[in-house]
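Residue strings, one per chain:
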Amino acid sequence: MVDLELRSVSKKYAGSEVLAVNNVSLEIEKGELLCLLGPSGCGKTTLLRMIAGFVEPTAGSILVKGQDITQLPPNKRNLGMVFQSYALFPHMTVLANVEYGLRMRRIPRTEARTRAREMLEMVGLLELEHRYPRQLSGGQQQRVALARAMVILPQVLLLDEPLSNLDAKLRQQMRIEIRRIQKEVGITSIFVTHDQEEALTLADRIVVMDKGEVRQVGSPQDVYDHPVSRFVANFIGTCNFLNGVLEALPAGSEPAVLKTDSGLRLWCKGVPGLATGQRLCVAVRPEHLELAPAAEAERESAPGVNAVRGRIEHVSHLGSIVEYHVVLPGGERLRVQQQSAQSAPSVAEGGTATVKWAVQSSMCFPE
Amino acid sequence: MEGTKRTVFWLVLPMLLEVVALFVIPLLVLFRYSFYPFVPGQGLVTGFVLKNYSKFLFDSYYLEILVRTLWLGFLVAFFALLLGYPLALFLAKSNSRFKTVLLILVVLPLLSSAVIRTYGWMILLGTNGLVNKLLLQLGLVSAPVKFMYTLRGVVVALTEVLLPFMVLTLVPVIRNIDRSLEEAALGLGASKLRTFLTVVFPLSLPGVAAGSIFVFVLAISSFVTPSLMGGPSVRVMSSLVREQAISLLNWPFAAAVSLVLLVVVTTLVALYQRALISAGKWEVPK
Amino acid sequence: MTRYRKPLTSLVGACTTSLVLLAIYLFLLAPLLVVVLMAFNTSSYMVFPPEGFTLKWFVAFFRDSMFVEALRTSAVLGVTSAAVATVIGVPAALALVRYRFRGREFLNSLFLAPILFPGVVLAIALLVYYSRLKILGSFIGLVLAHVLVIVPYVIRTVSANLYGVDEALEEASLNLGAGRWRTFFEITLPLIRSGMVSGAIFAFIMSFDELVIALFLSGARMTTLPVRIFNFLEYNSDPTIAAISTVLLCVTLLVSVFVPPRYLGF
Numbered sequence: 001m002v003d004l005e006l007r008s009v010s011k012k013y014a015g016s017e018v019l020a021v022n023n024v025s026l027e028i029e030k031g032e033l034l035c036l037l038g039p040s041g042c043g044k045t046t047l048l049r050m051i052a053g054f055v056e057p058t059a060g061s062i063l064v065k066g067q068d069i070t071q072l073p074p075n076k077r078n079l080g081m082v083f084q085s086y087a088l089f090p091h092m093t094v095l096a097n098v099e100y101g102l103r104m105r106r107i108p109r110t111e112a113r114t115r116a117r118e119m120l121e122m123v124g125l126l127e128l129e130h131r132y133p134r135q136l137s138g139g140q141q142q143r144v145a146l147a148r149a150m151v152i153l154p155q156v157l158l159l160d161e162p163l164s165n166l167d168a169k170l171r172q173q174m175r176i177e178i179r180r181i182q183k184e185v186g187i188t189s190i191f192v193t194h195d196q197e198e199a200l201t202l203a204d205r206i207v208v209m210d211k212g213e214v215r216q217v218g219s220p221q222d223v224y225d226h227p228v229s230r231f232v233a234n235f236i237g238t239c240n241f242l243n244g245v246l247e248a249l250p251a252g253s254e255p256a257v258l259k260t261d262s263g264l265r266l267w268c269k270g271v272p273g274l275a276t277g278q279r280l281c282v283a284v285r286p287e288h289l290e291l292a293p294a295a296e297a298e299r300e301s302a303p304g305v306n307a308v309r310g311r312i313e314h315v316s317h318l319g320s321i322v323e324y325h326v327v328l329p330g331g332e333r334l335r336v337q338q339q340s341a342q343s344a345p346s347v348a349e350g351g352t353a354t355v356k357w358a359v360q361s362s363m364c365f366p367e
Numbered sequence: 001m002e003g004t005k006r007t008v009f010w011l012v013l014p015m016l017l018e019v020v021a022l023f024v025i026p027l028l029v030l031f032r033y034s035f036y037p038f039v040p041g042q043g044l045v046t047g048f049v050l051k052n053y054s055k056f057l058f059d060s061y062y063l064e065i066l067v068r069t070l071w072l073g074f075l076v077a078f079f080a081l082l083l084g085y086p087l088a089l090f091l092a093k094s095n096s097r098f099k100t101v102l103l104i105l106v107v108l109p110l111l112s113s114a115v116i117r118t119y120g121w122m123i124l125l126g127t128n129g130l131v132n133k134l135l136l137q138l139g140l141v142s143a144p145v146k147f148m149y150t151l152r153g154v155v156v157a158l159t160e161v162l163l164p165f166m167v168l169t170l171v172p173v174i175r176n177i178d179r180s181l182e183e184a185a186l187g188l189g190a191s192k193l194r195t196f197l198t199v200v201f202p203l204s205l206p207g208v209a210a211g212s213i214f215v216f217v218l219a220i221s222s223f224v225t226p227s228l229m230g231g232p233s234v235r236v237m238s239s240l241v242r243e244q245a246i247s248l249l250n251w252p253f254a255a256a257v258s259l260v261l262l263v264v265v266t267t268l269v270a271l272y273q274r275a276l277i278s279a280g281k282w283e284v285p286k
Numbered sequence: 001m002t003r004y005r006k007p008l009t010s011l012v013g014a015c016t017t018s019l020v021l022l023a024i025y026l027f028l029l030a031p032l033l034v035v036v037l038m039a040f041n042t043s044s045y046m047v048f049p050p051e052g053f054t055l056k057w058f059v060a061f062f063r064d065s066m067f068v069e070a071l072r073t074s075a076v077l078g079v080t081s082a083a084v085a086t087v088i089g090v091p092a093a094l095a096l097v098r099y100r101f102r103g104r105e106f107l108n109s110l111f112l113a114p115i116l117f118p119g120v121v122l123a124i125a126l127l128v129y130y131s132r133l134k135i136l137g138s139f140i141g142l143v144l145a146h147v148l149v150i151v152p153y154v155i156r157t158v159s160a161n162l163y164g165v166d167e168a169l170e171e172a173s174l175n176l177g178a179g180r181w182r183t184f185f186e187i188t189l190p191l192i193r194s195g196m197v198s199g200a201i202f203a204f205i206m207s208f209d210e211l212v213i214a215l216f217l218s219g220a221r222m223t224t225l226p227v228r229i230f231n232f233l234e235y236n237s238d239p240t241i242a243a244i245s246t247v248l249l250c251v252t253l254l255v256s257v258f259v260p261p262r263y264l265g266f
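Each protein sequence line maps, in turn, to chains D, S and V.
If you read the first sequence in the working numbering, its first letter stands for residue 1, the second for the next number, and so on.
If you read the second sequence in the working numbering, its first letter stands for residue 1, the second for the next number, and so on.
If you read the third sequence in the working numbering, its first letter stands for residue 1, the second for the next number, and so on.
Bound conformation, chain D alone (with noise of 0.2 Å):
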């Protein structure tokens, strides 16, 4: 069943130019968690404030339950929201905070209590009920914006970039909570942010938006795996890029080659219509690409893998991994990234060294 639905939604903002946000048209089920994910100024806020009512479209409408509420105002809207400040009422204590929305609806005193004592008892926070928001932690404040938002029994629950104050503990933390909570409502979410990390582990569904147009739509796995754009790649995780030149197409088993700008020739996946002659960039994961000593070079570059040489310029360690900068004859540098416990000790900052990936494991989008 679907909750919400955006049909063909635009915005542009009065003195702008630009539309903030452009012809976005979206179905959320009911239940799902998504993510509105895209860098600073792409119109993800603008979108969501749309369906909170603080933005009014400058075309299309927004639906709830199939119901058009895009001319409502915010205030009959029955969409709950939790702001990137957290916007509590600061001359309110935190069950006042929390049972605000219940007195507007007019729902009895008693009743009204027993509900944000629920609330407040779900996210952990009952004992701190007399508490004013300043005497509060930024992870507690974090807790009473979520339970003042749930209270109302919101349709649809909308969260613009709540974790975005806290520091990186708590905000993964913060993060398993509110799923949690979330998936124990069966609340139908919007989750507004700019933390790739953070859409990938919260997402039902992640929607890529760029320059106010959604760029690519589909679960984490999804949009990880099989980016549609170099925007979409590069956004999500990291990416190696190399331009260049189609020389080939794809001929029986054998793979297209790409000539980069500083003359490699390397296999790589064919997409639909290409021709001879077209620009192309090849984008390929730190974790696809592998390492191995230089003298393995020649010897495995066959249709299906491309090997490359290269110097190690640098090695870092991050822990469970290591990432290794490898600097080709050309002047690309690449990333690689391989298991600590697997990578090899005869690769040492300042050697040289085979790159090494299956064509199956790069992208390629034409430019």
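A portion of the hints provided could be inaccurate.
In silico PhoX-like links for lysine-lysine, alpha-carbon gap of 25 Å or less [said to hold, decoys possible]: (1) 169/D <-> 183/D; (2) 12/D <-> 183/D; (3) 65/D <-> 30/D; (4) 93/S <-> 76/D; (5) 183/D <-> 65/D; (6) 12/D <-> 99/S; (7) 146/S <-> 133/S; (8) 183/D <-> 30/D; (9) 356/D <-> 259/D; (10) 30/D <-> 76/D; (11) 192/S <-> 76/D; (12) 12/D <-> 93/S.
Simulated from the structure, these hints should not be mistaken for laboratory data.
If you're wondering where the values come from, they're calculated on a predicted model, not measured in any experiment.
Assemble chains S and V onto chain D, guided by the hints.
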């Protein structure tokens, strides 16, 4: 830092000298003066008497002046808040292109002398003035309202004179209220009016308190407007001081009266501030 | 694509808001407007709409040597006081903002106290004090008194400006080998110039418009323009006063044009 103390000393020295020589010492002298006896026809007579204070405190004529002054301060603070709050709310919240111009229009009267603005009100509020003509033409009154030399007139003019202080105190306080708090309230189902009543207004109370205290203090110590608009029939503390000091040359009594005004100003401000700070705290609903 | 119109109710609301605001602004500006209108009006009574345009009241003002003399006194007094206030106010602001020392809070409130102090109390105190020092009615006495009440404006604007200047800039200058004085003149001073100029202008306006202290301290020989107007208005009313007021208004407006809006406050 090495030499910090010496640097600070030289930096504040000129200002310190000015304040001590022209503020602290004169006030001490004034305090001493208020205990001198006054003998008409003679200059300074040294001595120590409490007569100047007892004369003020046990004479209903003078006490009436004190009460009138406080009542004037209350009325002016009230009306300035009534008119100033909507204006400040608009200036703090609006995204209008003309906002800067509108803000300057509030400051503009401040840059002109209170004498000129009171003169403007004398023209407007005269028996044949524009305001009375309008009131008569609209049929709101049957006879001209007397504004000149009445407390009513002083309140109207003084409210206008002090209104900018109220607005300029309120604007930054309202502007500093996080906008997402209002959005949160709306999102939780509060109407615009309830959002204002439950979020914006309570959070602006410190500003309301500060602005009202400010205007109250300025009103009870104001001199120009009550003197010109009120004349001899609306006597307030400051005009009493002037009459005693300039016309009657009774400096000891003038000193005592002015010190009473000073004490009233300071204590009221302290009490009022404390009362509002405790009232501003949001109670936990029981 | 569907496009939306504003609902009618919000239009009505906007109209009501505008009307209320218009009324408040009218109230706020009416006395000044009426004075200016009066100054150019042929009739010596306030009639609306004005009967005709004339400059005769301005001529009358400039023919009156007492008023012209008072204007001159006010201008000289304002410039002198503002200059002195700036010279002693800027170092004080510098010390209060840039240094941490014992008694800083106390000095801060002491220096700003004259703003909230009842003018009449200060005026009578200075009257008594000056008569003892036998400088009652002297120009220097008036300057010193005005300096006291206008320095707070200088300290306030310069402090606001100083808080906006990153202290690290001064530290960088010291780090690069400039001494305290060079740092002050080459880094700090240029950065707080706008605050200083605004503060000085405010100080001038406040002195130029000040009435109560001048009324108590100036003798028959030397009178400021606000005092002259005040004394005149107590017993008479004449459009000449409107003309003088308009001139006074123009002076303050012209001067305040040089103040950036962010320093406009009180």
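Quick rundown of the hints versus the structure:
{"no.": "1", "hint": "169/D <-> 183/D", "verdict": "holds, 22 Å"}
{"no.": "2", "hint": "12/D <-> 183/D", "verdict": "violated, 35 Å"}
{"no.": "3", "hint": "65/D <-> 30/D", "verdict": "holds, 9 Å"}
{"no.": "4", "hint": "93/S <-> 76/D", "verdict": "holds, 22 Å"}
{"no.": "5", "hint": "183/D <-> 65/D", "verdict": "holds, 20 Å"}
{"no.": "6", "hint": "12/D <-> 99/S", "verdict": "holds, 23 Å"}
{"no.": "7", "hint": "146/S <-> 133/S", "verdict": "holds, 12 Å"}
{"no.": "8", "hint": "183/D <-> 30/D", "verdict": "holds, 11 Å"}
{"no.": "9", "hint": "356/D <-> 259/D", "verdict": "holds, 17 Å"}
{"no.": "10", "hint": "30/D <-> 76/D", "verdict": "holds, 20 Å"}
{"no.": "11", "hint": "192/S <-> 76/D", "verdict": "holds, 11 Å"}
{"no.": "12", "hint": "12/D <-> 93/S", "verdict": "holds, 22 Å"}
Violated hint: 2 only; the structure is consistent with all others.
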